[in-house]
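**Student:** Here are the chains, one letter per residue:
2 protein chains.
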Amino acid sequence: MLDNLNKFTCLKRGTAGAINIDPLQRGGVLTPEAREAVLEWADGYSVCDFCTGAMNKIENPPIKDFVHQALPEFLEVDQVRITHGAREGMFAAMHALCEKGETVVADGNAHYTTLLAAELAGLKVELTPASEKPDYRVDPQGYKEAIERAKGRGEKVGMAVLTYPDGNYGNLVDAKAVSEICHREDVHLMLNGAYSVGRMPVGARCLGADLIVGSGHKSMASSGPIGVLGATEELGTKIFRRSKLVPNKELEMLGCTLRGAGILTMMASFPHVVERTKCWDEEVEKARWFANEMEKLGMTLQGDRPHNHDLMFFKSEVLYEISQTAKKGRYFLYRELKKRKIFGIKPGLTRQFKLSTYLLAREELETVLAAFEEIVATHPKA
Amino acid sequence: MLDNLNKFTCLKRGTAGAINIDPLQRGGVLTPEAREAVLEWADGYSVCDFCTGAMNKIENPPIKDFVHQALPEFLEVDQVRITHGAREGMFAAMHALCEKGETVVADGNAHYTTLLAAELAGLKVELTPASEKPDYRVDPQGYKEAIERAKGRGEKVGMAVLTYPDGNYGNLVDAKAVSEICHREDVHLMLNGAYSVGRMPVGARCLGADLIVGSGHKSMASSGPIGVLGATEELGTKIFRRSKLVPNKELEMLGCTLRGAGILTMMASFPHVVERTKCWDEEVEKARWFANEMEKLGMTLQGDRPHNHDLMFFKSEVLYEISQTAKKGRYFLYRELKKRKIFGIKPGLTRQFKLSTYLLAREELETVLAAFEEIVATHPKA
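Protein chains in written order, with the numbering used here: chain A, 1 to 382; chain B, 1001 to 1382.
The hints are simulated quantities; they were obtained by calculation from the structure and are not laboratory data.
As the structure is a prediction and not an experimental result, all values here were calculated from the model.
Warning: the hint list may mix true and false statements.
Said to hold, decoys possible - Listed next, with one range per pair, are the computed distances between beta-carbon atoms:
1) B:Lys-1341 / A:Glu-73: 33 to 43 Å
2) A:Tyr-112 / B:Leu-1369: 53 to 63 Å
3) B:Thr-1325 / A:Leu-2: 48 to 58 Å
4) B:Glu-1285 / A:Tyr-112: 48 to 58 Å
5) B:Pro-1347 / A:Glu-145: 54 to 64 Å
Even glycine gets a Cβ: it sits at the ideal position worked out from N, Cα and C.
Go ahead and model the full structure; you've got the sequences and the hints to work with.
**Tutor:** Have a look at this one:
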């Protein structure tokens, strides 16, 4: 048995030379420096060559400086650790800081992993609902109400989470207002910055957040899975506490986390990542221009207007109508885009879909717009 | 601020062309196929290009076949998932299957991460002590006694763990005997195969194990961190249960785990890994020959005799004596080996150290032996 194993080798992504507009992908494309790093450090446990007991203390390569100096400054927090991703960072913080049975308050647009992290840590979740279409707005005041609802049921609120921005509509809630409300209620606020940390300027301190998670593979040009977890001194001391059984190891991290090439790709991309967050205004302007052009073709932008992020959600009755009679049915859009070497809208979607313009050149976006225009023009509507 | 960031780029391992005898590294060296895979799939979230909701169900690349067919057959288990590593697999199994306050019984040679996983899951640990030097043997009967000790204190034993082999001495305990003892006591047995899965033939079913974890970066020629967790149907159903809040996602995995290039490296190396486990007898023979040669130089092999694994622990009074007067003190051995392009013995160690001969050619091992011989011959002893 165990035959025909060659099917697992020599696999290609099949996206070479294509334009990828998947929001999940735009911020994770490696820099040339990170591509070099991944080849140099790809072997198994390579970062452990010169380890003296803890990954975040390795001085060569300079992981220690990165984790204890560069990242805290970048995230505006006191303590940072590398995690396997934003979700694992959220779980670690919730597991370490909340007691089983407590409640986490989160925004109605929260990523599903916020719910999973809370559930895995034995916590209940109370959502602050988002408004109806087309804006799907989360009102900071909703946090006060959600906290009060939970408290009214006799529950202790262990933490609040704000998805900043959310991964569906790219909406940016007034985090400062949320943190002020949470702190008045004596609740710590965690920002899920999977789509902000590494894309746009975001500092936990100036937004009033006590905790922040980011995603290397989503937004820090890193080879995944990898993320960051930042905390205030007070909360970091609790999350990154030492084990009782193995006193020189951090319990919540199970000793070490990213014992592989991923951390070196995050480091190699970091100078570029720091620079690109300074150009965020241009990215927002480009996203707005793109949305405006899409609307001329009959698609409707959902979420914040004007939009403040490259992640955008569109509704499109015209593409839905085409799908009713198109040869491949609801897969026609995916196939038509693929024909034009444009990837990233999930197969089967036509009536609504999300995409990102992040770090794409205007000419590339013009190619995308021309594709949509041609697809709409050349297909009969139902 | 955030200046001088270029120190995080263009970093080299500095081990090119060297012989690496670090047990942590030998089984994690990528195959040429895996090196191709890592470059092709290095971008952020690349494996999610064609995702329809769960990583282990992705058909292109064929992750589904790999996780649900190839790996279960390879590990002789019913269900497998990819984890961030062996330690994360142990935590997932303990967290899902044991109730807080229960006790995990483990061998006295257990890797520290077994203790961390249990502690993080809120469990106590009862060890079956290993014997004194030089053999550090774990007697299967010790499991019966440890289980009885815990039960005698009124504790429920939630799981037993056997480190197979342990990471210090490379000792292989009679797993079949341990599993029979555990099952008579109605306790499930988990094998920690971080140093066996991918190196030597190891099947959970024929050893009587209910659970098994392996390490991609330690022993499956994969870019870490990555591991595997296998379970019987009964236990797998519990560990890989769906979330109540997000019903299409597996709770204990936080939805998806290895959403990056690592899984593609494990797949690309898999045909080679399957083949190399068939040559295990040659690896053992080579290790025994090497140990014999080392003993001629005055080092003493610890652990199983004859030895059954490439991971070996040596004691060396002669190198210790040299370190008493050597120029660099206890760092002399590391430096002398480095001069000869041999890496993998931790800086500062002389009196005892571990190394591995895995997949090294006889000529390379002869180079290592000649280096030790020369170092001993050319240094005055205290």
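**Student:** Which of the stated hints cannot be reconciled with the structure, identified by number in ascending sequence?
**Tutor:** none
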